[in-house]
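Colleague: Below, each chain spelled out in residue letters.
Protein chains: 4
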Amino acid sequence: MNAVAEHTLHLDAKVRKDAQNRLLSAKGHLESILKMLEGEPYCVDVLKQISAVQGALSKVGDIVLRSHLEHHVASAAQRGDTDKLVDELMEVLKYR
Amino acid sequence: MNAVAEHTLHLDAKVRKDAQNRLLSAKGHLESILKMLEGEPYCVDVLKQISAVQGALSKVGDIVLRSHLEHHVASAAQRGDTDKLVDELMEVLKYR
Amino acid sequence: MNAVAEHTLHLDAKVRKDAQNRLLSAKGHLESILKMLEGEPYCVDVLKQISAVQGALSKVGDIVLRSHLEHHVASAAQRGDTDKLVDELMEVLKYR
Amino acid sequence: MNAVAEHTLHLDAKVRKDAQNRLLSAKGHLESILKMLEGEPYCVDVLKQISAVQGALSKVGDIVLRSHLEHHVASAAQRGDTDKLVDELMEVLKYR
Chain W
22 MNAVAEHTLH LDAKVRKDAQ NRLLSAKGHL ESILKMLEGE PYCVDVLKQI
72 SAVQGALSKV GDIVLRSHLE HHVASAAQRG DTDKLVDELM EVLKYR
Chain H
22 MNAVAEHTLH LDAKVRKDAQ NRLLSAKGHL ESILKMLEGE PYCVDVLKQI
72 SAVQGALSKV GDIVLRSHLE HHVASAAQRG DTDKLVDELM EVLKYR
Chain C
22 MNAVAEHTLH LDAKVRKDAQ NRLLSAKGHL ESILKMLEGE PYCVDVLKQI
72 SAVQGALSKV GDIVLRSHLE HHVASAAQRG DTDKLVDELM EVLKYR
Chain D
22 MNAVAEHTLH LDAKVRKDAQ NRLLSAKGHL ESILKMLEGE PYCVDVLKQI
72 SAVQGALSKV GDIVLRSHLE HHVASAAQRG DTDKLVDELM EVLKYR
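Residue numbers (my numbering), protein chains in the order written: chain W, 22 to 117; chain H, 22 to 117; chain C, 22 to 117; chain D, 22 to 117.
Hints listed in this document are in silico derivations from the structure and should not be mistaken for laboratory results.
Remember, predicted model here, so these are calculated numbers, not experimental data.
All copies of an identical chain are treated as equivalent in the list; a pair is satisfied when it fits inside any one copy or across any two copies.
No farther apart than 25 angstroms at their CA atoms in a straight line, the calculated lysine to any residue pairs in the SDA-like style are these: (1) Lys-56 - Leu-45; (2) Lys-115 - Gly-49; (3) Lys-115 - Ser-53; (4) Lys-38 - Leu-58; (5) Lys-105 - Leu-58; (6) Lys-69 - Leu-30; (7) Lys-48 - Ala-77; (8) Lys-115 - Pro-62; (9) Lys-80 - Asp-66; (10) Lys-115 - Thr-103; (11) Lys-38 - Ser-72; (12) Lys-115 - Leu-55; (13) Lys-56 - Val-36; (14) Lys-115 - Gly-101; (15) Lys-80 - Leu-45; (16) Lys-80 - Tyr-116; (17) Lys-56 - Lys-80; (18) Lys-35 - Leu-45; (19) Lys-35 - Asp-66; (20) Lys-56 - Glu-112.
Isolated chain W, as found in the complex:
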């Protein structure tokens, strides 16, 4: 990838704002689980709350992934960095 291309492959500003809001909300949710753990919660209630935060994080991941596909992967052939983008994307998708 040349320097110009690399410089422009930032996360879209609107998506970034959306991701920030969602991560702030996920952080608040984590804090409420921490509060819950100061008492004597039932295991399954803890598991449900953890799942809910994971769902919220998956949603943020989806938003960032969609933006990346639209703005960067779809134009990779034009820029000539297809191999790099596909390799790193496959690596990231492995952990989904």
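Guided by the hints, dock chains H, C and D onto chain W, whose structure is given.
Modeller: Using the frame of chain W, we list chains H, C and D on its own:
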């Protein structure tokens, strides 16, 4: 489930402490992603960090799940609440 | 686990029949994907069919897991094989 | 997407061959689980085998996905079908 049993199905104290520490660390990680999003990060770097937090939350979930299986599910037949525990466990595992 | 217990921890007969039917159907689905691949399918159509088979296999896994929890894990404390059952269950759930 | 483009978005021939071989092997594995279910298997052994087949199918999915990203998604901006390809890809990734 009778009232006595319900009263005792709390998350084990040691597991609770471990979960607290891990969730605090996940919260710190989320905060570092939020900081990252104040700049102009590359999408894939954001995706990697989100995956890392999800991995950490999965680990907390595993610890709580193992404790629940050991301390509560394995003794369900003795208490007579097998149906309830299996139903709610299958529901929670759906979202893993 | 003593020999008697081990002898009885088989998959419930009704669940086994259900699992067989579902796996037969999944096998038929796999065969239709193989047929599809003799032509020149569009990648996304192949991905969709693979996902569908995986969903069907997950469903079989859920049915077997539920039966195992009900018939074996819930009575582990009575038999005295809790550690073994929880360890192997956590191992299997890792790959879900 | 215009007709010419649609006509050329086939799964790469080499990838197709690889996918066929892997799906044939997955089918053989399914058949061995079916055989296993004619006896009286232990639930966890069935769960392990189902997981193994799912892992094999995930691998086929990864191979097809990588090929799709390389050969079709990366050139979407050039063809002008980015929206279509990203929408259908996000839909398929939801079920991973």
